[in-house]
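For reference, the chains in residue letters:
4 protein chains.
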Amino acid sequence: MAERIGLWLNGARGSVATTAVSGLVALRAGLVPPVGCVTELLDANLAPWDAFVVGGHDVVTTPLAKRVESLVRDGVLSHDVMGCIAGGLDAADAEIRPGYDPAAPSPSQADAARRLAGDIADFRARHELARVVVVNVASTEPPVRVEHDSLAALEEALAVPGNVVLPPSSLVAYAAFQAGCAFVDFTPSTGVALPALDELARSNALPYAGRDGKTGETLVRAALAPMFTSRALRVLSWTGTNLLGGGDGATLEDPAHAESKLASKTRGLAALLGEDVTAPLHIDHVPDFGERKTAWDHVSFEGFLGARMSLQLTWNGLDSSLAAPLVLDLARLMAAAHAAGRTGVQGALAFFFKDPLGSDEHRLAEQARELHEWARTLGTR
Amino acid sequence: MAERIGLWLNGARGSVATTAVSGLVALRAGLVPPVGCVTELLDANLAPWDAFVVGGHDVVTTPLAKRVESLVRDGVLSHDVMGCIAGGLDAADAEIRPGYDPAAPSPSQADAARRLAGDIADFRARHELARVVVVNVASTEPPVRVEHDSLAALEEALAVPGNVVLPPSSLVAYAAFQAGCAFVDFTPSTGVALPALDELARSNALPYAGRDGKTGETLVRAALAPMFTSRALRVLSWTGTNLLGGGDGATLEDPAHAESKLASKTRGLAALLGEDVTAPLHIDHVPDFGERKTAWDHVSFEGFLGARMSLQLTWNGLDSSLAAPLVLDLARLMAAAHAAGRTGVQGALAFFFKDPLGSDEHRLAEQARELHEWARTLGTR
Amino acid sequence: MAERIGLWLNGARGSVATTAVSGLVALRAGLVPPVGCVTELLDANLAPWDAFVVGGHDVVTTPLAKRVESLVRDGVLSHDVMGCIAGGLDAADAEIRPGYDPAAPSPSQADAARRLAGDIADFRARHELARVVVVNVASTEPPVRVEHDSLAALEEALAVPGNVVLPPSSLVAYAAFQAGCAFVDFTPSTGVALPALDELARSNALPYAGRDGKTGETLVRAALAPMFTSRALRVLSWTGTNLLGGGDGATLEDPAHAESKLASKTRGLAALLGEDVTAPLHIDHVPDFGERKTAWDHVSFEGFLGARMSLQLTWNGLDSSLAAPLVLDLARLMAAAHAAGRTGVQGALAFFFKDPLGSDEHRLAEQARELHEWARTLGTR
Amino acid sequence: MAERIGLWLNGARGSVATTAVSGLVALRAGLVPPVGCVTELLDANLAPWDAFVVGGHDVVTTPLAKRVESLVRDGVLSHDVMGCIAGGLDAADAEIRPGYDPAAPSPSQADAARRLAGDIADFRARHELARVVVVNVASTEPPVRVEHDSLAALEEALAVPGNVVLPPSSLVAYAAFQAGCAFVDFTPSTGVALPALDELARSNALPYAGRDGKTGETLVRAALAPMFTSRALRVLSWTGTNLLGGGDGATLEDPAHAESKLASKTRGLAALLGEDVTAPLHIDHVPDFGERKTAWDHVSFEGFLGARMSLQLTWNGLDSSLAAPLVLDLARLMAAAHAAGRTGVQGALAFFFKDPLGSDEHRLAEQARELHEWARTLGTR
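Chains as they are written, first to last, in my numbering: chain A, 1 to 381; chain B, 1 to 381; chain C, 1 to 381; chain D, 1 to 381.
No lab work stands behind these hints: they were computed from the structure.
By construction, the Cβ of each residue, glycine as well, lies at the ideal position given by its N, Cα and C atoms.
Check each hint, because a few of them may be wrong.
As the list claims (entries may be wrong) - Stretch-level coverage of chain D by chain C, calculated; a stretch enters the list once three of its residues show a Cβ under 8 Å from a Cβ in chain C:
#1 17-30
#2 44-56
Stated by the list, open to error - Which chain A residues stay away from chain B? Per the calculated CB distances, all over 10 Å, these:
#3 139
#4 226
#5 303
#6 363
#7 366
#8 373
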């Protein structure tokens, strides 16, 4: 029998996690085809869907069975599917432990991390899992500056009671590595993108990847910007407006939280087109949108003899629907990478991310090619 | 001194040709940067812009200097540039000969082809050109069915007085090959896409490429459709509406003429996404648009768990501005291919075409890569 | 107690009718607010929602309870509301009689009309209704030419066995008037728009109104076109593309059926802007749209000193959701008009229609004003 | 002979003013039709175009003949028209005096106002004008708080040397009234919207109107929002993004300056739809747009039974082309109002403004009707 693998979700009760768990249950039951699952296109030896067991951390306590109702209302999944996956959701629900809350009493961040790592280790032991992949899908945090560049300095600081050294996303990454798990950063939060955590991953021989899942406007930009450059057309401006509801919209309405997201999006465009493109970008919270997200992009470009032309795009997506299959894909891929002994940042997974760690490639087609090549090196089916 | 090369335009007084000639003159004079010229991005040993001499055929007689005025009105080039290129336009004008007119008296199509080939040969001799590239940029023709698959059968039929065997675009390709020239089909007309003409090109050791320059909506589709497939998203429908004015719009308002264009566009989408996508497509003639073209595409797609999402695009382009630099690029590339002894269809130029001859690749990024590789084999700078 | 009124729907099992009945049941039960119901804004003495009893004709036999399921899937109403209205739907279902089928055996169209009128009269008697309003919401028919301009000539022709004189929509209008009912034409079919039927309505002292409910693109045009004219801006072209799925889309994919709809839409635009505006219009059937309809309009206009500008619109609507409350509104209004002794065509209801009978006014704001004034003459609350 | 009238433009060298002067010269010469001029549609006795003489104030010194060149580049007027109006532009140029500059030395704001009023009075005397209409088309100012509500208190404060009591737009309105002129506020700056200035206008028996010319997105909103309300559809959110280049874009990029404009736009939408609509609004400066402005609006609305639908709009306008004819219209209308002895705020001109003074009506069709009625009271032709 194939080995069993854990998928541990940080932010396990959010929209993306709930959709991912719902989808995993539905895929295992053969209720839906694997639309949106990139790993189905790869020529690689990956674990089947029924190899996975799900658990996770969250600071909220809403049951998944309740959370999924609002996803049905917003069109993420159908009433019929919801009826068939209740059992699977409840099983996952039983594996969710309280997340790290900076406001809760704890002697030190080191203690808190030990508790998180312990939850994951218990889960692995209880289900006799060969390995666990931890994926961060919690709400976006404001950007922070972490001072400690070496692992030794970081750990010394973490041990001091009352000291707040790491934001939650980074403490979770730290705990994942301490528990011997591969880690994926699906958000633009600081997370694993710290020299000390890279050092820890490599010293523990663990792979990691990130960051900020590429699910909407940036996905389209990664496909379209190379069209302009490969045709020697000069993009003058590329403006963007994002309308989103739901919890994500409410979080990103706060400019401090939005800053991480906007920075991540803007870096990608500059990498694709160069720094001198005017590229204002807004995120607006529009509650009636629910899980739906609408983005409008306007591109002005110059052609031969100075001719002025434009392209407009309106993207109407369901972020959770776009993100969830990628979370499952990343669990499969990172489990295989872990099994194959890959260590440190996996830049070949840039295809999945707005702000790829370990890669300078932002062109979608090139990222797809790198992913396919990398997957083949894991051993083909 | 570098060799001198002829660019012979069939449809030399049309918008695309006039823009190409204007741009060539402006590039040679250093008035404008080579925006939109793909060959500037290639690592290849190509002739410089001042190596080119322009001539052509056309059935109309409007002077280029007159034609360019309407292009200025429509925003294709500026009043200032027009003032500086008058001399160059007049020089090209003096090299334009009467085009083939099926309605004009001629003993046979073979005689007509001899006259066309003679015009090109005279041009080559008069200017001491090392080689000439013939590019068809005349109005789109209705699709026709040509019976004669072998060159021998075709030539026998062409010799019969009064017989109309080939549409003008194909007779021009035949004449180009008889004159020993490389040929490019920039339109969706029948042109070179006949077995007998392929036979002729190969027996005369001449390269050719085509067809239907990819300048607008199809360009965007070639960049975007692979985004959906690489993400395993299922496109349900991809509808298109094209609004265009000018001569092109008037020609394509006639359903018979539009048929070639629509077939070419639709084949591309089916190749990219599969046959089962609902893909209605319309072309409307809207006189006030002049040279401007607006295309609206609506894409419905399905994601994970059956979620429904959409993407809308509005492209606002100037077809002549987009086409003209590609015409110059193709002249450079085909001259180099001819010099390098390449024979028959050049499928590696699919990047330029909606309906690429000699290639099944419709994904823009892959086409770009093939072009760059092919160009390198011509000898780098 | 207030009088009871019948609403008799021709095409009672279609999307619009099913939504109207669902909504009436939900309104009566206080499940939803009367959003989209124009009569709620009027200062007029109209029957309350619970005064209405519903019946109708249809050639298909799918139960309403089944039909409503697909409306839920397409987002027309929620799963929760569906659960609460089952009883009301079944009651309406029991009042639906077989519709007129030209292919079914019947001695003459006069006999068929007698049967239809008898069904309505039975319904009125059985429920002790003060009056019945018949509303045609059946599928759009191709345009036909009816020869008989006088009522006498028409009735003579109808009596001839085997003769097909009237299209179904007109036979239904004839039967409604024979049964002593007010009539509303909510489709672009021929329906009541015949001199002989006008004669019949007036001789029987019955009011009627039509035609083609204004629910989407044309609604927006009726609001926006006056903006351009009131600002003295010159519209050069106004192009339209309509994407629709469902039964309506399938019917209108047939060019003969679409002709009625396109003619109705185009007449409105010409009335608003003048005849010399280029106005190509397409309807495409895109099955994945279900009940949803997307329309894209592109308006080119000229301003001061010849400046060229444009406006684009993308309308994303649910036709049944937009049509159904208007059907209920028209039932209320026509019942009041009947009670008040109004006779013949009611042009003041132009607000509801793409192709208003008895009115030349196409500007939405003026139509709204006329409606409010007309409603006040029926007696205020 | 008809009386001669002065049009005095504050901000006479800006885009709107330069376009208005260019257009006036072109209209007088019969070079262009009066497209965009609303007064041409009115049944009213208004001065002909050749009755007007133009002068103005500005703090910059770029000649109009220079300024117009950039308008030609941006498509506001054609190269051909520019060639024909040079003489007229020079004549207007000679009548432009230095504008009020708060940074320039002046004993008091009262002295500065006296100088401005003197310039206008000289202009009136020199050209033997029956009356002068002053129109403010200068750059948008940040909002300010003016303390002095009575004219007496204001004038006392203005007389104190070194005191800065009024922003430039208001000082200009004060000077206009002191010079016995009608005044129009075409910008969202504070301008005439102060109780003390209203008192001055009424005590000097002068009419005024404002404010903030309704030329783009807000124009469309004023036409469309009543469509939703008249159909009882519930607008949930109406978001807006404005991309603009040119001087206006640079000014409005500064959040302090943008605040006046955003407040003016938002008030209008709330008045049309109610306060509870989510309505985020952005203005971005995109230099490559030049005079062109693109606005994208997304409207989410709810219909019958809770159905969710949307409308998207992309407006592509040339603000100066849209504003300039309204400036000329307002000059004509206010001259007639002045001649007819109208005093104080003219609320019936709300049709022209985003934030109409003296009116609560924001619905475009109703505003048009009020304008037509008001114009008729001035005496018909």
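- Item | Minimum Cβ-Cβ distance from residue 139/A to chain B exceeds 10 Å | Given that every Cβ of chain B is farther than 10 Å from that of residue 139/A, nearest at about 21 Å, it holds.
- In terms of Cβ atoms, is chain B entirely out of 10 Å range of residue 303/A? Given that some Cβ of chain B is not farther than 10 Å from that of residue 303/A, nearest at about 4 Å, it is violated.
- Message: Over 10 Å from every CB of chain B: does residue 373/A meet that, or does the non-interface label fail?
- Response: holds (14 Å)
- Message: Confirm or reject: residue 226/A is not an interface residue toward chain B, with every Cβ-Cβ distance exceeding 10 Å.
- Response: Answer for residue 226/A: violated, closest chain B Cβ roughly 6 Å.
- Query: With d taken as the least Cβ-Cβ distance between residue 363/A and chain B, does d exceed 10 Å?
  - Reply: violated (7 Å)
- Query: Are three or more residues of the segment 44-56 of chain D within 8 Å, CB to CB, of chain C?
  - Reply: With 0 residues closer than 8 Å to chain C, the segment 44-56 of chain D misses the three-residue bar; violated.
- When you look at the beta carbon of residue 366/A, is every beta carbon of chain B farther off than 10 Å? violated (7 Å)
- Test coverage of the segment 17-30 of chain D by chain C using CB-CB distances below 8 Å; three residues minimum. holds (count 4)
Violated hints, listed in ascending order, are 2, 4, 5, 6 and 7; each of the other numbered hints is respected by the structure.
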